[in-house]
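Asker: Sequence:
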Amino acid sequence: MAFLVDKTLEIAYDFAREKFGELINKIQSGKPLTSEEANFLLLFMVLNEVRLRYDELSRQIQLNREMIKEVNEDMKKMEGSLRSEIKATEERLRSEMKECEERLRNEIKATEERLRNEIKETEERLNKKIEETKNDLEKKVELVRDELNKRIDDLRVDLTKRIDDTNRRLDSLEHRVYELEKDVEELKVAVARLDHKVDLLSEDVREIKSMMNLLLMHLAGIKVEKEK
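Read left to right, the sequence shown gives residues 4 to 231 (our numbering).
A few of these clues could be false.
[Said to hold, decoys possible] Quick list of simulated restraints, FRET-style, between CB atoms:
# : residue 1 : residue 2 : range
1 : Glu25     : Asp139    : 54 to 62 angstroms
2 : Lys29     : Ile166    : 41 to 49 angstroms
3 : Ile89     : Gly33     : 54 to 62 angstroms
[As the list claims (entries may be wrong)] Simulated pairs of lysine-lysine, DSS-like, Cα-Cα distance not exceeding 30 angstroms:
# : residue 1 : residue 2
4 : Lys29     : Lys153
5 : Lys112    : Lys137
6 : Lys143    : Lys153
No lab work stands behind these hints: they were computed from the structure.
For clarity, every value in this text was computed on a predicted model and none was experimentally measured.
Beta carbons are placed, not taken as given, at the ideal position from N, Cα and C, and that holds for glycine.
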């Protein structure tokens with residue numbers, strides 16, 4: 004039965020030690036502990052010291068039991084002379100155990116107080132570090148926000164300028180298109196006039212050709228008469 008109890012306590016201690024390691028890693032990574040985790044950390048450290056003391060006492064008790072066993076064996080041979088010695092030994096052991104228990108209580112109390120102070124100091128340092136980190140991040144975010152706003156304003160001004168330039172160019176192009184359209188209309192009128200003049204010239208050319216033909220025919224008739 005004692006073996007089962009010790010085995011159960013050993014399993015519980017191993018589990019608590021694993022949880023203790025996780026909490027230490029959490030502290031080292033800069034994460035804050037909950038009050039339950041801090042209490043667990045404190046209790047485990049106390050438990051660890053108690054366990055060490057318990058193991059020491061267990062070994063001492065085991066040695067005492069072995070010694071008592073040897074004494075009992077010797078008592079069979081020297082029962083009368085050793086009874087008083089055994090009683091004295093038992094009293095001494097009781098006294099030592101009582102003193103040890105008292106020392107353990109005092110040490111546990113002192114350890115608890117020391118751990119509470121250390122945990123409090125650690126929490127204060129962590130809270131201070133968290134606050135400093137928070138302030139630094141807020142400053143960096145503000146700087147980034149200001150820089151982004153400045154860039155946005157610069158882009159807005161640049162885009163506005165480009166849009167204005169584009170609008171001016173479009174207005175200029177519209178004016179040029181309007182002028183070109185007027186020039187095209189004037190060219191159309193000029194072409195129509197040229198076409199009309201070409202038609203008139205064509206008629207004049209035809210009349211001239213007709214007159215030339217008549218003149219040639221007239222000249223040809225005069226030449227025939229001279230030959231006769």
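Asker: Give a verdict on every hint.
Answerer: Outcome of the hint check:
no. : hint                               : in the structure
1   : Glu25 - Asp139: 54 to 62 angstroms : violated, 28 angstroms
2   : Lys29 - Ile166: 41 to 49 angstroms : violated, 56 angstroms
3   : Ile89 - Gly33: 54 to 62 angstroms  : holds, 59 angstroms
4   : Lys29 - Lys153                     : violated, 41 angstroms
5   : Lys112 - Lys137                    : violated, 37 angstroms
6   : Lys143 - Lys153                    : holds, 15 angstroms
The structure shown violates the earlier hints numbered 1, 2, 4 and 5.
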